[in-house]
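Chains as they are written, first to last, in this note's numbering: chain H, 207 to 578; chain E, 207 to 578.
Note that these hints are calculated values from the structure, not bench results.
Some clues are possibly wrong.
Copies of one chain are not kept apart here, so a pair can be met inside one copy or by any two copies together.
[Claimed, not checked] Listed next, the in silico DSBU-like pairs over lysine-lysine satisfying Cα-Cα at most 30 Å (straight line):
(1) Lys518 <-> Lys410
(2) Lys248 <-> Lys263
(3) Lys410 <-> Lys263
(4) Lys394 <-> Lys422
(5) Lys422 <-> Lys248
(6) Lys394 <-> Lys518
(7) Lys263 <-> Lys422
(8) Lys539 <-> Lys369
These are the residues of each chain, in order.
Protein chains: 2
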Amino acid sequence: MTAYCPAEIGMALAEVDTPSLILDLDVFERNLDLLGGSLAGKNVRVRPHAKSHKCPKIALAQMARGAVGVCCQKVSEAEAMVEGGVPDVLIANEVVGSLKLRRLAALAARARIAVCADDASNVGALDAAAREAGVRLDVLVEVNVGANRCGVEPGEPAAALAKRIAASGNLRFAGLQAYQGAAQHLRKVEERRAAIEQATARVKSSISAIERAGMKCGRVTGAGTGTYIFETVSGVYDEIQPGSYIFMDVDYSRNEWTESGIPRFEHSLFVWTTVMSRTAPERAVVDAGLKASSVDSGMPRVADREGAEYLKASDEHGVLALQPGARIAVGDKLKLIPGHCDPTVNLYDHYVCVRRGVVEDIWPITARGAVW
Amino acid sequence: MTAYCPAEIGMALAEVDTPSLILDLDVFERNLDLLGGSLAGKNVRVRPHAKSHKCPKIALAQMARGAVGVCCQKVSEAEAMVEGGVPDVLIANEVVGSLKLRRLAALAARARIAVCADDASNVGALDAAAREAGVRLDVLVEVNVGANRCGVEPGEPAAALAKRIAASGNLRFAGLQAYQGAAQHLRKVEERRAAIEQATARVKSSISAIERAGMKCGRVTGAGTGTYIFETVSGVYDEIQPGSYIFMDVDYSRNEWTESGIPRFEHSLFVWTTVMSRTAPERAVVDAGLKASSVDSGMPRVADREGAEYLKASDEHGVLALQPGARIAVGDKLKLIPGHCDPTVNLYDHYVCVRRGVVEDIWPITARGAVW
Numbered sequence: 207m208t209a210y211c212p213a214e215i216g217m218a219l220a221e222v223d224t225p226s227l228i229l230d231l232d233v234f235e236r237n238l239d240l241l242g243g244s245l246a247g248k249n250v251r252v253r254p255h256a257k258s259h260k261c262p263k264i265a266l267a268q269m270a271r272g273a274v275g276v277c278c279q280k281v282s283e284a285e286a287m288v289e290g291g292v293p294d295v296l297i298a299n300e301v302v303g304s305l306k307l308r309r310l311a312a313l314a315a316r317a318r319i320a321v322c323a324d325d326a327s328n329v330g331a332l333d334a335a336a337r338e339a340g341v342r343l344d345v346l347v348e349v350n351v352g353a354n355r356c357g358v359e360p361g362e363p364a365a366a367l368a369k370r371i372a373a374s375g376n377l378r379f380a381g382l383q384a385y386q387g388a389a390q391h392l393r394k395v396e397e398r399r400a401a402i403e404q405a406t407a408r409v410k411s412s413i414s415a416i417e418r419a420g421m422k423c424g425r426v427t428g429a430g431t432g433t434y435i436f437e438t439v440s441g442v443y444d445e446i447q448p449g450s451y452i453f454m455d456v457d458y459s460r461n462e463w464t465e466s467g468i469p470r471f472e473h474s475l476f477v478w479t480t481v482m483s484r485t486a487p488e489r490a491v492v493d494a495g496l497k498a499s500s501v502d503s504g505m506p507r508v509a510d511r512e513g514a515e516y517l518k519a520s521d522e523h524g525v526l527a528l529q530p531g532a533r534i535a536v537g538d539k540l541k542l543i544p545g546h547c548d549p550t551v552n553l554y555d556h557y558v559c560v561r562r563g564v565v566e567d568i569w570p571i572t573a574r575g576a577v578w
Numbered sequence: 207m208t209a210y211c212p213a214e215i216g217m218a219l220a221e222v223d224t225p226s227l228i229l230d231l232d233v234f235e236r237n238l239d240l241l242g243g244s245l246a247g248k249n250v251r252v253r254p255h256a257k258s259h260k261c262p263k264i265a266l267a268q269m270a271r272g273a274v275g276v277c278c279q280k281v282s283e284a285e286a287m288v289e290g291g292v293p294d295v296l297i298a299n300e301v302v303g304s305l306k307l308r309r310l311a312a313l314a315a316r317a318r319i320a321v322c323a324d325d326a327s328n329v330g331a332l333d334a335a336a337r338e339a340g341v342r343l344d345v346l347v348e349v350n351v352g353a354n355r356c357g358v359e360p361g362e363p364a365a366a367l368a369k370r371i372a373a374s375g376n377l378r379f380a381g382l383q384a385y386q387g388a389a390q391h392l393r394k395v396e397e398r399r400a401a402i403e404q405a406t407a408r409v410k411s412s413i414s415a416i417e418r419a420g421m422k423c424g425r426v427t428g429a430g431t432g433t434y435i436f437e438t439v440s441g442v443y444d445e446i447q448p449g450s451y452i453f454m455d456v457d458y459s460r461n462e463w464t465e466s467g468i469p470r471f472e473h474s475l476f477v478w479t480t481v482m483s484r485t486a487p488e489r490a491v492v493d494a495g496l497k498a499s500s501v502d503s504g505m506p507r508v509a510d511r512e513g514a515e516y517l518k519a520s521d522e523h524g525v526l527a528l529q530p531g532a533r534i535a536v537g538d539k540l541k542l543i544p545g546h547c548d549p550t551v552n553l554y555d556h557y558v559c560v561r562r563g564v565v566e567d568i569w570p571i572t573a574r575g576a577v578w
């Protein structure tokens, strides 16, 4: 089925079909500027994470404001970015399996591609795939800097894997992937700062071990919207990977930001929804449920109406709890702020880009569903 | 971007790319038969809910075993079903907004379409859309039978809305939609039975009010996988709408089933995933996170390995907690049982249909993302 598009350019927002994904361009552009402003005079490259937006048009807008390229999590995401004109992609993740490695190596013939590894056998497979495709692949060692997910342990294990990469004929050891994912949503600024101090110590011990082994480390890359300023001033990170700053979501808005040095990014991304049922004074039901706004990190929030709280989601229904006197009728359209932007974006095929109430553009989400 | 297909017909399951959605055809067909067997000799029509599978091929398989058509939640889902050859669709939900109503009325010229309503102004809009398209639409009154979501209250309010429909020149009052969604996952059989007894009482009071107003009620439709046998024997339901029985998921498997009269449907739907990281004895990381298996109703479950529990999901990673000695290596492929099948299906473009380890067919999920 050809993806249905819920809007046309020039349409008033009020006419846009629901549920749909609305991007407020004024706010989005302010967020791009806020990131840039917060990094003024600081010596760090920006490589935003495209897993948040899955859209080459947004990647190119980020690059137009100075980003060096993007990160992706999957080969298929990277393919969509390269297809859309992005020349430089770091797959900030392990890639496992012969089919994926063939596609990765083929992509490296079309764009500047780097990938991460945390396993010696995988390094062997990466080398074989690169050799077969006649390319040389940049490979970063992913280090576990505290999230206890992927990544080798810091220090000697990182150096050992770096050595293995450097000794591979078709690979180039390109640095360290050091993302502390578990730190991003620690609510207090000091908790996040402390987590990144620990991560930085783990990076330093890894760099020392690598240098003791006679190698140069290359770039150190990591960081997210919740912590990036701490990595930026750490003295060891060369590159940051924030993703959600362009959109913000309810989960990130629960963080404290004061005196973090990270600006207050605003909500630019909304799920546009229609009130479809209003059969009790204390309740309204909207047409955006959990297939329209991912609830993995909590419910969406009603953005533009007082006295209405998004209480619970079923597949295609969202139940709003209304305070007495709330003026909400069947047919009204509301903006919801997604609980978590990344998986919400992954439910849609288009951003409906709106400026001051009018649809200015439609941006295809070409990496929607690109999980491979 | 053309949707990437992770498999080819004839391929061994072991070669299928990950993450992907695997349908075990032997189990799927057994589930179809189990439903039929549980209804033998009972006087009820089966109208499975297509929101679970979003795939006309599955709808037609259900109709080949006696289903009268399908339910959908959205006009766009219904369009995909009609496009795929399904001649009879009930939109078991309210449809609000002029654009959607135009599409609904246009669809009613191509197939047998019915829709629900719980609001008088919406009935007026349905009538106008049907008149404009030159069709006559079947409209059911949705009654709140206990879920406190959509639906008018039972009894007189239901009769008043039925009257309004019957008085509309281009609508036909076609019965009651009486789905008790909140009952489906009550864990104990007796809780579910009691909830459906209450729902049945609410239906009865609505039928009485409708008959007192001089109308005939038409069909009464509702029920889900967790309760359908209770509606079937209630004496008031004519039609049942189970969806998840074809797949089962972790959430439904937490229900008690003994002596319910509902058979133990088996898990036929899996997320096929690769181990991408194995850097600690107690942990493995797979490439299926919450963009590959919806976690709204809890984590997926590892289906085919002992000593491995899917502990937590991030966007593209799933962390498995391993018991000592668990034999899981980078590159291994595992089957996960989704926590909740409906929103997981909505993340994919294809079912990879497997029989005894070989890909037998690929079924497109043509209503994926059909939220309108």
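Structure-based check of all given hints:
1. Taking CA atoms no more than 30 Å apart as the test, Lys518 paired with Lys410 passes between copies only; the shortest distance there is 29 Å, against 45 Å inside one copy.
2. When the C-alpha separation of Lys248 and Lys263 is checked against a cutoff of 30 Å, the pair qualifies only within one copy, where the shortest distance is 26 Å, while the shortest distance between copies is 56 Å.
3. In this homomeric assembly, Lys410 and Lys263 never come within 30 Å of each other (Cα to Cα): the closest approach is 36 Å inside a single copy and 56 Å across copies.
4. For a Cα distance limit of 30 Å, the shortest separation of Lys394 from Lys422 qualifies neither inside one copy, at 35 Å, nor across copies, at 62 Å.
5. For a Cα distance limit of 30 Å, the shortest separation of Lys422 from Lys248 inside one copy, 23 Å, qualifies, whereas the shortest one across copies, 75 Å, does not.
6. Taking the closest pair of Cα atoms, Lys394 and Lys518 come within 30 Å of each other both inside a single copy (27 Å) and across two copies (22 Å).
7. Taking the shortest alpha-carbon separations for Lys263 and Lys422, neither the intra-copy value of 35 Å nor the inter-copy value of 56 Å comes in at or below 30 Å.
8. Taking the shortest Cα distances, Lys539 and Lys369 sit within 30 Å of each other only across copies (28 Å), while inside one copy they are farther apart (58 Å).
The structure shown violates the earlier hints numbered 3, 4, 7.
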